[in-house]
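Peer 1: Work out the full structure, taking the sequences as your base and the hints as a guide.
Sequence lines, in order, name chains A and B.
Per this note's numbering, the first sequence starts with residue 1, numbered consecutively.
Per this note's numbering, the second sequence starts with residue 1001, numbered consecutively.
To be clear, the hints were calculated from the coordinates, so they are not data collected in a lab.
Hints are not guaranteed to be accurate.
Residues on chain B that point at chain A, a partial pick, calculated with CB under 8 Å [said to hold, decoys possible]: (1) Lys1026; (2) Asp1028; (3) Arg1035; (4) Leu1062; (5) Arg1102; (6) Thr1358; (7) Arg1364; (8) Asp1367; (9) Ala1369; (10) Thr1372; (11) Glu1373; (12) Asp1410; (13) Arg1421; (14) His1427; (15) Arg1432.
Glycine residues also receive a C-beta, built at the ideal position from the N, C-alpha and C atoms.
Here are the chains, one letter per residue:
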Amino acid sequence: MTNAVQQVVVHGGGVAAAMAALAVGRAYARLGTDTVWVDTGEAPAPHAALIAPPDLATFHRLLGIDEAALLRHAAATIAMGQQFAGWSGGDDAFLHAYGDAGSAFASLPFVQHWTRARAAGLRVALEDFCLAAAAAKQGRTGAPREAATRQAVKTGWHLDAPGYAKLLRAACEQADIRIVAGADAVVHRGGAGLDRIELADGEQFGADLFIDTDGALIAALDPGETAARPVFCDRIIRASAPAFDPLPLYSRVAAHPAGWLTLIPLANRTAIEFAYDSASLADADAPAALAAALGRPVDAEPSAPLAATARPRPWVGNVVAVGPAAGDPPPLDGAELLLLQLGIAQLVLLWPIDRAQMPEADIYNEELAGTRARVADFTAQHFRLNARTGEPYWDAARAAPISTELAAKIDLFAARGMFAHYNHEAHVEDSWALVMAGHGVTPRSFDPQALLTEDQALMAEFQRQLRAVASDVHAMDSHADALRRMRG
Amino acid sequence: MGDRFELVIVGGGTAGWMCAAACAAKLDPARFRVRLVESEEIGTVGVGEATLPQMKDFNDFLGLDEVEFMQATQATFKLGIEFVNWGREGVRYVHPFGTFGRPIGEADFFSYWIRAHVAGTAAPLSDYCFPIVAALQNRFMLPSGDANDVRNAFAYAYHLDAFLYARYLRGWAEARGIERVEGRIVEVEQHGESGDIAAVKLASGTRVAGDLFVDCSGFRSLLLGQTLGVGLEDWAHWLPCDSAQAVPSARSVDFTPYTRSTRRTAGWQWRIPLQHRTGNGYVYSSADISDDEAAATLLANLDGDALADPRVLRFRAGKREQAWAHNCIGMGLAGGFLEPLESTSIYLVQMAIMHMLTLMPAERAIDPALPTEFNRVMDVEYDRIRDFLILHYIANEADAPLWERVTVIDLPDTLADKIDRFRHRGHVQAYRDGLFGPPSWQAVFVGQGIEPRAADRLADALPAATVEERLATLAATIADAAATLPSHADFIARYCPAPAP
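Peer 2: Right, dumping it as structure tokens:
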């Protein structure tokens, strides 16, 4: 390949730059591509934690990162879902578990039968038929031997962000990726893209392709960054509390009158994110509000801003913006790592063939804009469907504009328990069903094919499924045993 | 029983009886009363019909017995479509029901083929596709069921007599409680305020009232188009053929397990082998050829004696702006028309039926989210097929006036990008919903001369010699496997011989 991409510069710091450099290095070094990481020095906040959705498990194999390393360096615990508490007011809570929302039968999704039974008076929640949810709530994980349900149980991770960044950096070093420290690089344009960047000490780095997680390079080519969606909360305080014992298998997102509070269980601490709306809660009052919500003061950082901008075109010329440079992730549902991973994976797949012209940029921008919109929809549903009426912050969140796609999804689920599937969906149908049902949406009607199952047979099937879930949960491992085995 | 939801299907062609059969199989008769209104006076358009593999799913969904169904409809098997003279005169390629190759490394198979093809070391793409190799030798058998066997790596469809299929389904549906109402509709009655359809009145004076109407009235689109005034989104500027002549001919020795489409001066000719005869037709643009000339061309290009005089059909490419408006769903020709170049007619009916069942209103006041979703998913289906058909038209030599015009038309944006991206790196976007996955696009692009200049870089990780060796092994495996199959004619004679009509 005479015109192949030979030199790549990754520009930025933290998790995003390290993951991009590692992924590209592992995929293309064998084809003669040289990757240099110009580390701008940004690092995750000391209290920061990340929620890795299940797909990251597969991606880690491509990165060559194993479970034991995550446990050793990133205080990792297993994530089977996220609990939402108080989003309808009161003490209600539901679990968005990473698994099937019941087992399909009679050729129909389980939700259709469940909707029919609800209309007839059944009070059992959808998540009670979900093996992943039941297991997570009882502290059980792993695959049961001789499963009775055959339901998917997918797991992700809770990760300490500073530890994870260091782990990825060490993996880059091991993969012989050259790492150069250098903030505030001067950008030199060339043609429709960048020619090279120049560091303070005068060293110059030219490249065929620049991967920018910092934002300075893409901004030099394309100033256009737009506010993509409602912010919901514009401030965040990160903090830590002692670790839970036993360790939960899910994080907890509790609604607060001025925002929400996320508790992420790590092996050595509990990471806390308190997101709030500065119009509802003054910065000066936020630490006290956080302490009040937790019932005690915690070790916290000063509050930081949260934004909601996104680049409509993350790939311009020969610069690809990835991670924070591509836009702010939605603040829930593991969206930060999900979008970062999808952005990097798509770049590896669409790796440009010709360094002189990269029509791949248009494909990439379409894919990523679509993915980002669908991921943002998933988070926006929590706010649209919240039932904390009478609280100004939550009333406004419910009234905030949503995309036509999300409106169609909510309308269709509310009408029929079905899922309006668009291109670029990043969350599976059953995740949507568990979350919408969890927020209190019970479909008004169901597929009439469900009526071919007799009432008696339906009740028997429900009982069979509940028993199967219980026996599978019983056959699973405790979280502690699972972690011990992974540690080796 | 007095409060059942009343479903009225208007029209008893293939679409109407497919819909009725699905209702018989999947709707609880205690809650739904389903009637089909048709008139023996109105002839249905019953020509040899080619289908897609999804039709087997539909028959399985109903619970039909394959052998019985094939015997009743004079059906044969179909592994794909052979396109003759498309791209340019003298070229032949097959669009198969299966993928090309199988995994030989971390990139997809097609990327390795591009790489070897660019290097000049690859055989034609079709040599790596089991259903194509088998089809071109007129061989067939059912998939072997062994995931490691190349003889399992395909799907199949049918060629059948659509009129016989409707008749077969009618018997099946009537035996399961669907009420057939004989009569010609002379008036459609609407509710004063809503404009919803209240009832259809028959020449006999009978009034058939309903809660939901399914318009299967064919091109007339009696309820959706004529009564409710839902317009046709006209695609004639992209797909200019507006006529067809159809004629059956005697079964020929060349008993192909595939459909053939031959490009001609003013359109294209189909050839669909059934057990008892061969269906033929010439789809053409009436601006480019007279009906008489078209008939003469058709008759001059049969491989068996004509068994009737050619019959003329008129149509216009497009779809109704809404497939579901008020309390009426249009299916089949009443909902839209796309020429049968990719055998999509029955598939579109099938999709409309499946979506109708899952989105069936629960009460008389229709929840608006249901038709909204129905129309969204049907639009996706139509748009994807439309783009794929246009691709066949534009990638041709401008060797006659029709072909001069269609090869310079303004493309839908989505299609223009698709072509550029395929040329650059063989990129084809995969969709979850809607027809024509990457292998279909690969077959037609490459078949009609649009070839990628380079492959996915991940395909470069294997040494060239390894790629060459794996490709050669695969082609040999496929050739050997195909040689073990019986002929299509023998297989049919043993598996599902139909009685002489």
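Peer 1: None of the hints should be skipped; say for each whether it holds.
Peer 2: Outcome of the hint check:
no.	hint	verdict
1	Lys1026	5 Å, holds
2	Asp1028	4 Å, holds
3	Arg1035	17 Å, violated
4	Leu1062	12 Å, violated
5	Arg1102	20 Å, violated
6	Thr1358	5 Å, holds
7	Arg1364	12 Å, violated
8	Asp1367	4 Å, holds
9	Ala1369	4 Å, holds
10	Thr1372	7 Å, holds
11	Glu1373	5 Å, holds
12	Asp1410	19 Å, violated
13	Arg1421	6 Å, holds
14	His1427	6 Å, holds
15	Arg1432	6 Å, holds
Comparing the model with each numbered hint stated earlier shows that hints 3, 4, 5, 7 and 12 do not hold.
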